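Based on the provided sequences and hints, a complete structural model is requested.
2 protein chains.
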Amino acid sequence: MNILYDERVDGALPKVDKTALLAELRERLPDLDILHQEEDLKPYECDGLSAYRTTPMLVVLPERVEQVEQLLKLCHEHQVPVVARGAGTGLSGGALPLEQGILLVMARFNRILEVNPSGRFARVQPGVRNLAISQAAAPFDLYYAPDPSSQIACSIGGNVAENAGGVHCLKYGLTVHNLLKVDILTVEGERLTLGSDALDSPGFDLLALFTGSEGMLGVITEVTVKLLPKPQVAKVLLAAFDSVEKAGRAVGDIIAAGIIPGGLEMMDNLAIRAAEDFIHAGYPVDAEAILLCELDGVEADVHDDCERVRQVLETAGATEVRLARDEAERVRFWAGRKNAFPAVGRISPDYYCMDGTIPRRELPGVLRGITELSAEYGLRVANVFHAGDGNMHPLILFDANQPGELERAEALGGKILELCVAVGGSITGEHGVGREKINQMCAQFNADELTLFHGVKAAFDATGLLNPGKNIPTLHRCAEFGAMHVHHGQMPFPELERF
Amino acid sequence: MNILYDERVDGALPKVDKTALLAELRERLPDLDILHQEEDLKPYECDGLSAYRTTPMLVVLPERVEQVEQLLKLCHEHQVPVVARGAGTGLSGGALPLEQGILLVMARFNRILEVNPSGRFARVQPGVRNLAISQAAAPFDLYYAPDPSSQIACSIGGNVAENAGGVHCLKYGLTVHNLLKVDILTVEGERLTLGSDALDSPGFDLLALFTGSEGMLGVITEVTVKLLPKPQVAKVLLAAFDSVEKAGRAVGDIIAAGIIPGGLEMMDNLAIRAAEDFIHAGYPVDAEAILLCELDGVEADVHDDCERVRQVLETAGATEVRLARDEAERVRFWAGRKNAFPAVGRISPDYYCMDGTIPRRELPGVLRGITELSAEYGLRVANVFHAGDGNMHPLILFDANQPGELERAEALGGKILELCVAVGGSITGEHGVGREKINQMCAQFNADELTLFHGVKAAFDATGLLNPGKNIPTLHRCAEFGAMHVHHGQMPFPELERF
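Protein chains in written order, with full-length UniProt numbering: chain A, 1 to 499; chain H, 1 to 499.
Mixed in with the good hints, there may be bad ones.
Same chains, same label: a pair holds when it works inside one copy or across any pair of copies.
Cross-link-like lysine to any residue pairs, in silico, SDA-like; alpha carbons within 20 Å at most [said to hold, decoys possible]:
id, residue 1, residue 2
1, 226, 424
2, 226, 111
3, 73, 414
4, 171, 230
5, 171, 45
6, 181, 451
7, 171, 259
8, 226, 31
9, 226, 331
10, 181, 446
11, 171, 70
12, 181, 449
13, 246, 140
14, 230, 259
15, 181, 123
16, 15, 110
17, 226, 252
18, 171, 296
19, 415, 253
20, 181, 439
21, 230, 299
22, 18, 77
23, 415, 368
24, 230, 327
These are computed hints drawn from the structure, not numbers from a lab. Given the structure is predicted, the values throughout are model-derived calculations rather than measurements.
Take a look at the structure:
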């Protein structure tokens, strides 16, 4: 079974007769909105990772769960692969369509079904935008904590599929920590509920298993998220450093002091200058690195914590520590950080966004390693990251019009991810594996582990029709990619030993 | 494959020739400690749930991972079932042995391999006691957060297998939230590492899947836990109420005020009096219910939070709110709560400890329901629970020597669990399913969901040799038990409608 689904990935997808399928879809689902003409399909050829593009065979835009149910039954019957897609803001090609498959767009499932203030949860359809949940909960002084930078556009179904994070996940957790229940349709069109209204559920933890499974295990039809009370007060400290390593060590010092900031973010000089030029956040452009540390909670606590963090930062060698004077400045400080990616886009024709996660204590060494690799490959790297949880987003600047630069950028990106794995980290933090990092998964996991993944996949989807070619590589692919497995840092690459 | 493993449960276990197996074990693992005589096996016939007893065929006490590896390979070869056991403090019969199986006692794996203060983790063998980890981390002002009441005796391997909680899990999470990595041996004796040193891991979340899987997916050989900085200060408020429902509502009010207590526990009058007689904690014995609310963190924050909680409690109708004057009184307040089970054991010949979890907002209604059921069945029920996270531990008092009382207690327990499921809760919070609640799983899950569980089990252990008969019931068993599925409260039992 696994082999069948492996082959779908690697070019051996079964041929589907588009005309016949379209006719049958129209007959069996007469009110389903179907796109099938080239110009209508074009907008769906990629998600937020525009480097990979495929025109889907058909795009369907259902509005009711029954339609999705019938569609899946029909696809299962005819063995047609299905890729589900939310808002398409994903950065790893997780919603990349298939030439021989159906792209199932869940965008019209955009209703908030229930906001329950006493139960502190919201029941929403998968196409609801992340920020819209917090907006609907605001009248009750509640909000939904995970806040990916794309929160204005990204949908909760995609957040669940990718286990999205955000600048506040150090304190409030990833998507998986903020879910109660997910209703899904299996590949065979059966309805299932994973999780429960209670905080723990017996049996295997299928809700955690499903979260972050990138559309390979089922199609999400409803999500019940936890809501949290809005913090009374949030304050942000900005600290400047004359070296990225000092800033990296200060991150560990804050955590070691027993403080859990609402957000703890780091930017290096290149990112600082790009963001400052774009947003005018008031960043110190001469600093080698800045930290943004948000403290939230009740007034008195936040006041005390700000003082403690200030002391820690000064002891760690900060050249300047500034408390945002008012809410406007606080928002400006964050606007610089949240717009760092487009800001870097302004100073370079192209950039390649990485997403590695490392143990926090490895931050100073990995930053030094990235600097050395950057020099070696002759490409600038801007560092922007969720420092508190060790989730790095190095942005590799390049110009695709210069011969060889794209290849060099990709090679440098691969080296950075291998460095992350070598120090015990992983090849992705919050952006997912998708299509982009499928080869790097061969570095992260060995054959036994991959076989286990395939076994779990088979328990949900033995035919492999759901989002083939993403997330979990075939053993065959890894063999072709070269046996570069560096499991949990136990077998560092020779060229990485210098770090 | 699933059927084979189902049958192992229901009496169709393959016959194993004990003498031949013993001879082969001795030959292939000459330095493995093996118990095989009746009097040596007797101490292992049950875990903390003494109502279920089985004499294991053989008990093995390995000391090295290689021995476990070889043992599993041998058992796999001969298709001998294996039940792994830690300290045996579990309360749901998860480590109940098999007459035709090997009991694999991991108690001798009791070494703390590493305490890493900068990385904030500890690497330990599975037989290390929960409390011993915090003791080893204490010199660095760190500790391991989950603290089941049995923490002085229970082992971390068992904690992972059962996803153990404790009085502090409202704020600090269950075992699953405090793990980085688990090293396991598969049923075939292959070594795997689940999770990583980083906070997120790509691919499916097998670490979360494995945690709480009750020994069905693999044998734990090493655990890497997160360590947290010890709170500078911890204070406890005791609030008395003249009704359990008022106390139940006060729990919701505290959470709604945006406070996350370190612990938030509730006891009713019967439990209060039993604990007071036993421990002399200073509880108000005339109160219908008390809440214990612990606030921890830095001095100034804790002081402010105590005042806010006091106001909330008074507004909620508390007849008395008392702050523990000093550390000695704080410890005494907790000692009463932590010894509530043995305290109840002193006032009743027998008691039956339940472990249901419900949405927090359902607390008042479920408490009323339990009172009515208690009257109907003519058995006293003492309520002691982790109120903050809706994890209830009703203790049903009975006398096994009175004809019919045991049966009545079991029937009442079943009704209480069904009530939990009917309001959207679950049949277990932190004690696990084990052997005890295998039938109630038929109420919690439908056939499609159980099939998915079996599929996941098969991905790890297709032959079903690991801890058969626990945690996940067969479809056959559920059919025999009667189709009592009340999925997520959508189909409440007619007799529960009055609640």
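Here's how the hints hold up against the structure:
1. 226 <-> 424: Classified as between: cross-chain Cα gap 15 Å, same-chain 31 Å, threshold 20 Å.
2. 226 <-> 111: Result: close within a single copy only, 17 Å intra versus 39 Å inter.
3. 73 <-> 414: neither (39 Å within a copy, 38 Å between copies)
4. 171 <-> 230: Classified as both: same-chain Cα gap 13 Å, cross-chain 17 Å, threshold 20 Å.
5. 171 <-> 45: neither (36 Å within a copy, 44 Å between copies)
6. 181 <-> 451: For residue 181 and residue 451, the Cα distance is within 20 Å only across copies (19 Å; inside one copy 28 Å).
7. 171 <-> 259: Result: close both inside a copy and across copies, 10 Å intra and 14 Å inter.
8. 226 <-> 31: neither (34 Å within a copy, 52 Å between copies)
9. 226 <-> 331: Close neither inside one copy (25 Å) nor across copies (33 Å); limit 20 Å.
10. 181 <-> 446: Between copies only: 16 Å across, 31 Å inside.
11. 171 <-> 70: Neither way: residue 171 and residue 70 sit 41 Å apart in one copy and 43 Å across, limit 20 Å.
12. 181 <-> 449: Between. Shortest inter-copy distance 14 Å satisfies the 20 Å Cα cut-off; intra-copy 27 Å does not.
13. 246 <-> 140: neither (41 Å within a copy, 23 Å between copies)
14. 230 <-> 259: both (19 Å within a copy, 11 Å between copies)
15. 181 <-> 123: within (9 Å within a copy, 32 Å between copies)
16. 15 <-> 110: neither (33 Å within a copy, 57 Å between copies)
17. 226 <-> 252: Between copies only: 15 Å across, 29 Å inside.
18. 171 <-> 296: Cα proximity of residue 171 and residue 296: in one copy and across copies (10 Å, 16 Å).
19. 415 <-> 253: The answer is neither: 28 Å in one copy and 51 Å across copies each exceed 20 Å.
20. 181 <-> 439: Classified as neither: same-chain Cα gap 32 Å, cross-chain 23 Å, threshold 20 Å.
21. 230 <-> 299: within (13 Å within a copy, 23 Å between copies)
22. 18 <-> 77: Within. Shortest intra-copy distance 15 Å satisfies the 20 Å Cα cut-off; inter-copy 49 Å does not.
23. 415 <-> 368: The answer is within: 13 Å in one copy meets 20 Å, while 61 Å across copies does not.
24. 230 <-> 327: within (15 Å within a copy, 32 Å between copies)
Hint compliance for this structure: hints 3, 5, 8, 9, 11, 13, 16, 19 and 20 are broken, all remaining hints hold.
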